Amino acid sequence: MNDLNLTILFASVIAGAAPVVLAALGETITEKAGLINLSLDGSILLSAMTAFAVAYETDSLVMGVVSGAVVGAAVAAIVGIFSSYLGQSQVAVGFVLTLMTRDLAYFLGNSYSRLQGPQVTPLPIPLFKEIPFLGLIFFNHNLLVYLSLFFIGFCWWYIYRTPLGLQLRAVGEHPASAYARGINPQKAQILYAVCGGLLVGLAGAAFSLSAKPGWGRPQGAEGTGWIALAIVIFGGWNPVKAAAGAYLFSFLQILGIYFQGWIPSVPAQVFQVAPFPLMIFTLLLMYFVQKESVMNWAEEKKRMKSALKIFSGNAPSALGKAYKPD
Amino acid sequence: MKIFRYACELILTLLAVFFFTTLILHLVGAPPFEAYYHIVKGSLGSWVKVAHVITTWIPLTLCACGLLYTFRIGLWNIGIEGQMMMGAVFTTFLLRFGVESDMPVFFLTLSFIAGAIGGAVWAMIAGSLKTKGGVNEIFAGLGLNFVAQGLILWLIFGPWKRPGIASMSGTELFPPKLWLSYLSFIRLSPAGLFLALIAIGVTAFMLRYARIGLSLRAIGNNPHAAYLFGLKPDRYMLLAMIFAGGFAGLAGSIQVTGIYHRLLPAISGNYGYLALLVVMLANYNVRIVPAVAFFFACLNIGSIQLPMVLQLDSSLSGVIQGTLVLATLAVHAWRNLKLET
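Sequence lines, in order, name chains C and Z. Following our numbering, the residues of the first sequence are numbered contiguously, the last one being 380. Following our numbering, the residues of the second sequence are numbered contiguously, the last one being 375.
Hints were generated in silico from the structure; no laboratory data involved. Certain hints may be false.
Within a straight-line C-alpha distance of at most 27 Å, the following computed DSSO-like cross-link-like pairs (lysine-lysine) qualify [stated by the list, open to error]:
| # | chain 1 | residue 1 | chain 2 | residue 2 |
| --- | --- | --- | --- | --- |
| 1 | Z | K372 | C | K241 |
| 2 | Z | K266 | C | K375 |
| 3 | C | K241 | C | K378 |
| 4 | C | K295 | C | K375 |
Predicted model, so just to flag it, every value in this text is computed and none were measured.
Turn these sequences into a full structure, and let the hints guide you.
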């Protein structure tokens with residue numbers, strides 16, 4: 055493994071995981087407000103297609119990225135409106151939208167297949183780039199990757215350190231109390247669905263304009279939405295942990311490609327499955343940590359207890375239940 | 035009066051879908067009516083095409099019938115896709131023993147049983163995660179779908195790879211003696227059709243007339259009350275999952291024995307996911323499911339030739355199906371809102 059340059063490896067993890075990080079952050083915000091946006095997988099594709107097509111037609115990358123984000127927000131808004139104001143199941147609407155937006159992306163994007171289009175150019179940050187080791191890992195990317203890094207911190211700060219973030223969490227934990235305190239949970243859920251959707255749309259744009267440039271069927275972003283959904287849970291609904299999860303899986307995937315030569319019988323696609331068993335495992339852990347008998351057992355083992363704490367997060371209590379004021 | 039209102043709602047829904055589809059066809063610069071004409075011609079234009087539609091209708095209906103059990107008890111069995119895949123895996127596993135034998139019918143029969151068991155086992159895992167581990171069935175099912183997909187890929191590239199080259203095109207073809215017999219002039223296997231019709235009959239009977247249907251509905255409507263009444267929600271949830279997985283596994287078996295004659299990565303063909311839409315659109319009603327499934331199958335088959343004749347992507351069918359369900363949900367919600375005020 056002489057050719058495994060650590061700097062390049064970590065830099066490619068940061069760049070490769072950028073779309074997944076953006077999508078996972080967006081979904082974390084939406085789910086923190088109690089709304090599940092299951093349409094992720096399709097809306098990433100639709101916004102990837104839109105971003106590429108708009109950037110191709112207008113020859114403007116900014117327009118492309120913005121339109122991708124707007125599409126992501128629009129799809130999320132539909133889920134929010136159906137759930138909050140039309141009283142339909144979030145899961146049902148989100149699932150239908152997943153399939154429908156994916157097909158819509160293939161259909162509308164057909165004429166843009168395999169075209170050579172614009173790409174986001176690398177934008178090294180002058181002084182920071184010179185920092186040994188870290189400089190090349192963090193400060194030698196394009197703008198979309200910087201955005202993904204920025205939003206990790208921003209989402210955490212917003213959710214846990216601002217009054218508005220407190221309201222956001224209140225809506226997700228106990229909408230009735232939030233309502234009593236003068237917050238309108240229905241409006242808040244739609245607002246945060248749209249905010250999360252913007253990030254999901256950015257994820258799509260990050261695919262078609264940077265990580266896997268271009269459009270086609272398949273584009274290469276298929277399945278990312280489901281992975282992001284799994285990572286949100288794996289990260290215990292905490293943006294920083296979710297991002298860490300995204301980097302972990304990106305790292306595993308790149309390692310998988312490196313190790314392809316060692317175990318040739320296992321195709322690289324098998325490694326993409328890894329997030330899902332871990333998601334189920336996290337959910338199991340969350341359930342058992344709440345049981346007293348398990349905690350009593352872990353009480354004596356200090357290390358075990360802290361390990362359990364790291365891996366378990368709490369789902370927002372009102373996740374998936376639409377709030378209806380009396 | 036009621037019928038009149040339903041008719042109005044149906045027309046409203048169809049108009050909305052028609053409007054949206056025509057709009058996006060305009061957007062890509064295609065002649066809308068020609069596209070519709072080709073979908074109809076491509077699905078019902080000849081007996082061969084109708085047979086093709088029915089071949090698609092079979093797995094779709096089987097999965098939809100299975101989903102009726104889980105929806106009735108209030109479970110969102112999104113894992114149906116993986117259950118179908120596992121049915122195909124178990125079927126292939128068994129058929130591999132039959133390659134050398136001279137009792138093909140015995141092995142075919144056994145492989146169907148294996149398929150149903152495979153689907154049911156996968157569904158039971160999701161069900162147990164829900165009842166014993168507190169894992170929401172949607173996330174458990176979704177996760178297991180991808181695990182099943184990974185398992186198929188591993189099998190195709192690993193233990194069951196074709197001699198010489200392992201590729202995405204799947205495992206070695208089974209010898210024709212292990213193929214489900216079909217009517218050669220229209221390529222339709224009567225056994226598959228028979229199974230699907232049986233599934234509809236059994237499901238209709240179980241859900242409408244048998245005790246289990248009532249129990250499932252009681253638990254779905256109010257788990258706590260049902261529990262106090264002496265029904266065990268956990269057990270019935272597992273039972274519903276086993277039914278759903280069993281039917282989906284059968285669908286997977288038919289895909290292997292009747293259509294592809296091998297295991298390949300796309301063996302489930304998204305029929306499980308599509309069946310979820312079918313059941314939602316049929317308003318969870320077993321009498322409407324076959325018709326909706328037939329309509330969806332027509333759209334799927336009819337749009338296959340769109341790329342050839344009009345240079346459009348065949349995913350138009352998916353757009354129509356999705357819009358149809360969304361419009362139905364919206365109209366449904368609108369009706370409820372009107373009733374409230």
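Evaluated hints:
For the given pair, K372/Z sits about 21 Å from K241/C by alpha-carbon distance, which is consistent with the 27 Å threshold. Among the hinted pairs, K266/Z with K375/C is consistent with the structure: their alpha-carbon atoms are about 24 Å apart, no more than 27 Å. Note on K241/C and K378/C: the hinted pairing holds, with a Cα-Cα distance of about 11 Å set against a maximum of 27 Å. Only pairs whose Cα atoms come within 27 Å are accepted, and K295/C paired with K375/C is accepted, the gap being roughly 24 Å.
Going down the numbered hints, you'll see the structure goes against none, and every one checks out.
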